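Colleague: Chain order of the listed sequences is B and F.
According to the working numbering, the stretch in the first sequence is residues 1 to 301, in order.
According to the working numbering, the stretch in the second sequence is residues 1 to 608, in order.
Think of the hints as simulated: they come from the structure by calculation, not from any bench.
Computed from a predicted structure; not experimentally measured.
Each hint should be verified, as a subset may be incorrect.
Keeping only pairs whose Cα atoms sit at most 25 Å apart, straight-line, the calculated DSS-like set for lysine-lysine is [stated by the list, open to error]:
id	chain 1	residue 1	chain 2	residue 2
1	F	321	B	12
2	B	127	F	484
3	B	12	F	283
4	F	283	B	127
5	B	127	B	140
6	B	110	B	12
7	F	484	F	321
8	B	178	B	127
9	B	140	B	110
10	B	140	B	178
11	F	321	B	110
12	B	245	B	181
13	F	321	B	140
14	F	283	F	321
15	B	127	B	110
To spell it out: a stretch of chain B is covered by chain F in this simulated footprint if at least three of its residues, at any positions, have a beta carbon under 8 Å from a beta carbon of chain F; those stretches are [to be verified]:
id	stretch
16	71-78
17	103-114
18	162-176
19	241-248
Backbone N, C-alpha and C fix where the C-beta goes; we use that ideal spot for every residue, glycine too.
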Amino acid sequence: MAFVELNRLWVKYGDTIAVRSLSFAIPQGSVFGFIGPNGAGKTSTIKVLATLLAPAAGTARINGINVRTNPSGVRRIIGYMPDFFGVYDDLTVAEYLHFFAAAYRMDRRKRRSVVGDVLSLTDLTEKRDTPVDALSRGMKQRLGLARVLLHDPELLLLDEPASGLDPRARIEIRELLKELKNMGKTILVSSHILHELSQICTRIGIIEQGRLVAEGSLDDIYAQLAISRIIHVRIANTSEELLEKICKIDGVVSVEREIDRISVEDLLDRMCGLGARVQMFQPEAMDMETVFMKLTEGKTA
Amino acid sequence: MRFSLSRLGRFLRAPMPLLGKELTEQAARRRTYVMRVIYASLLFLVFALLLHDRLRIAGRDPFNMFGSGRQLFEAIVYLQFTGICVFLPAMMSGVITYEKERESLALLLMTDLGPWEILLQKYFGRLIPMFTFLLLSLPLLAICYSFGGVTTNELSAGVFLLLLSCLQIGAFSIMMSAWCRTTTAAFISSYIFGAVLYLGPALFCLLLDVMNVHNFRGSDEDIVFALFPPYVFDDTRSSSFDVVAVQSIPIMVSTVVFMIIARIALVRRAFLARKQRLLRIFKSQDVFWNRLNRLVGGVVLVKDTGGLPGNDPVKWREVTKKPLGKINYLLRLMVIVEVPLVLAAIALMVHASGRGRLESLSAVVMILWAMAVLTVVVKSANAVSSERTSQTLEVLLTTPLSGEDIIRQKMSGVWRMILVFLIPFLTVFLVQAFVSRAYWSRGIFYGRWDEPNPVGYVIISLATVLVYLPMFAWFSNWVGMKTKTRARAITVALTGVVLWSAVPVFVLALLGVFVDTHVDDPPLNWLFLLSPATFIPLVELGELGNFFETQAWLPALANLVWYGFLLYILRRSCIVHADRYLGRPTRQSRRLWRTYRRAPKPTVEGSL
C-alpha cells in the first residue's frame, strides 16, 4: 500500500490553477524526488500534504489518513521543511529544538536526549548554545532538518532543502538525506539540483504547469523516454571509408548525428571487426538535466 | 555642497525617474482613488452640513448669509489642516523605509541619482497626491468667498499656510522615514514625535502654569506655537499677508532643517542592522541590578524561570525571550512609568491648586491611557504578524498545536503588559480619588463630581481599564492575524482604534447639526458610547451623570456591558476562527471543493 497517495488533486489560488488533477503514489520507505520548473506546482502540492493548503478538489492521503478531514492526525506523522523558513532569532539552537519538541507534545523527560540525538545526526552538537541567527545558511538548513526529525515522523516533506547552499553544504544535506533514507524514512523532496536528486531518489515525478508529465523510477523514465545516446568514440585510424562503414552498422544512424538503440558492446565488436583500433570508448552519461529539459518547456502553471 | 543657479537648473531639467515611478505606482493603485474619494466625501459632507447650519441660522432672508463666508472658510481650512496632520504622515512615513525593507535603497544609492535627488523625488512623489487633496477644497473656498466676509488676503494666507503645512509635515515624516529602519517605527514615530513637536511645548507651559512656576501669557503663545501652522492661520484675521509670511519663517526653517536631517540620515542610516534595542538596554542593565541586589542581600522577588519550555512553548517564548514579556524587565518598565507618575502626582499636589490639581491629574490619566493603548495595540498586532513576516508561522502551523493554543499562548505576553499598566493606573486613580475626597470634605467643590464618590470613581475607572485594554488587545490581534505584514498590521490596528474612537463622535456631531438638535441631548447622547474615547473623559471630568442626565452608575454599567460584549465577540472570533485566520485550511474550503468536483476531469498530458 502506498504511504502517500494523491488522487486527482487540484489546487487553486483565486483564478490561478496551480495543480491540475495530480495523481501519484509514494511507497513507504522510498525517496520521491519532485522535479519541476519554478511555478510548476511543487510547493503547492507539498503544502497540501503538510496540511497548510486546502485542495480545491481531489484527495491526498498519508498513511491512509485524509489530509483534509484529519489534518491533526497527519501533522503527527509528517515533518515539513519549507523552501524559505525563518528562525526565532531570540533562541539558541538547543532552545529552538526544545521549543518544537514541546510544540510536538513530546514527553519532557525524553526531550533532552532526542534533541541531543538530532543535533548529533545533523552535526550541530557544537552549536547547541549558539544563537540561531548566528548560524550560516547551510547550518540553518541542517537545523531545519533537525527540527523535522524531532518527533520521529514517518514522512519528511522537504521543499528545496538545498536551495541557496554552497556546494559543500549541498553535499552535507545530500549525505544527511541518504542517512535518513537508510533509516527507512519516506521522503518527498523537491529540488532544482537534479543531479543530486538522481543520487538519492528511488522514484521521481516531473511536474510542469501543475501536471505530472513523468513518474517512476529513474531507470523506468530513461527507458520509456527513449532518448538517443551519444557515444564518444576515438578512432586512431579514422578515414572516410571507415566512417562510412561504421555508418552502415545496424543501429548506427550517423557518426556525427545522434544514434539510438544500439548495444554498446555490439558497437564495439562491430567496429573492432571492421579493423578499428579503439583507444577510448565511453558512453555519455545521460543525466537528469537531459530528462528534465526534454520533458519540460519552462512554462509555469 | 556648493549651490549655484546652473546646478539648480540642471537639477530641474534632469529626468526624474523616481518621481515618475512613485506617481505611476500610486496612479495604478486602487487605494489612491478610494482615499481621494473618502477625503472628498468627508470634506464636502462637512461643508454641506455647515452650510445647512448657516442657512438655518440665516432663516428665510438670504441677506443674512452675507458675510458668513468667513466661518465656512475657517472651518474648511481647519479641516484641511486636520486632514494633512492625519493623512500625510501615513503617506510619507513609509517612503524611505519601504526601500530599506526591500533592500533596494542600496541600489538607488549606487545609481547616478544623488541623495538629494532621491530624497526630493520621493518627497514630491507623496506631496503631489496630498496637493490634489488640497485642490479638492478649491470649489468650496470659492463658495465661501462668494458669501463674503473673507478677504483676498485671508484666502491667500490660508492657502499659503496649508501648502506650508504640507511641506513641513511631509519633511518631518520623510525625516522619520530616513531615520528609522522599519515602516512601523517610522509610522509610529511620525505621529508620536509630531504630536510632541506641536503639542509638547504647549503641554510643558501648561504644566509650568499649573504648578505656578511660570505664568503663561498670551505673548508666550507666539513662541510656543511658532511651528504650528493652524496657530499662525488663527492670526490672519488681524494680520496682512506680509506679517503672516514673517510669522511663517519658523515653519519654513523647520522644514529645511527636517530635510537636511533626512538627507544626512538617508545615507548614514541606509543600512541599519536589526537591533533589539529594548532587549539590549535591559540586558545592559542586568549587571547593575544584579550588583545592587547583592548589596541588599540577594532578595529575589520574582524568580526568572527561563530555562527550557514546558508544555506551552509559544507562551514560554513570549514571556521569557521577549523584552516586553519577561517579568523582570516588565517590573523595570513599570518602575519607569510609575516613578515619574508618582513624582508628577506629588509635584501637582504640592504646587497646583484648586481645579488645576484635578485637571492635571486627569491629563496624566489621559497620557497614561494613550501610552497603554499604543503599547497594547502594537504588541498585540505584532503577535502573529511578526511570525508571518519572519516566515516562522508555516512551520508552527505544521505542529500539532491548535490555532487556539497558538493564539492563547501568544497573548500571554500581552496580558502581562496589561497587568504592568494596571499599577500606574491604580496609582493615579487613587490619587485622583484622594484629592477629590479632600476637596469635598473641605467643602470646596469644583463641579467635578455630581455626588462625590471616590470609591465609585476608582471602581469604574479600573473596570474600564480591565475591559478596554483586553478589548483593544483582541482587536489588534484579530487585525494582526488577518494582515500579511507586521507594518501593515500595526498601521491598520492603530488606524482602526483611532477611527473607532473618532468616527462615532464625528458622525454624531454631524448628525446633531443635521437633525437640528444638540448633540448632548438624550437619547442621542447614549450613542456616544459607541466610541471608546467618550467614556473616559466624561468620568475624568465628573460629567457622567450630567451628560447622560441620569445616575452616573447607569452609563457606567451600560458602557461596561457594551464593551464587555465587544470584548467577548472579539475574543471568541479570534479563538474560534484562529486556525482559519492563521492560514490553516478549514471546513470552509469544502465549498470550493464541491465546485471543482463538478468540473470535467482533464487527462494527464504526457503521462508515461
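Colleague: For each hint given before, does the structure comply? Return the numbers of the non-compliant ones in rising order.
Modeller: Going through the list in order, the structure violates hints 1, 2, 3, 6, 12, 18, 19 and respects the others.
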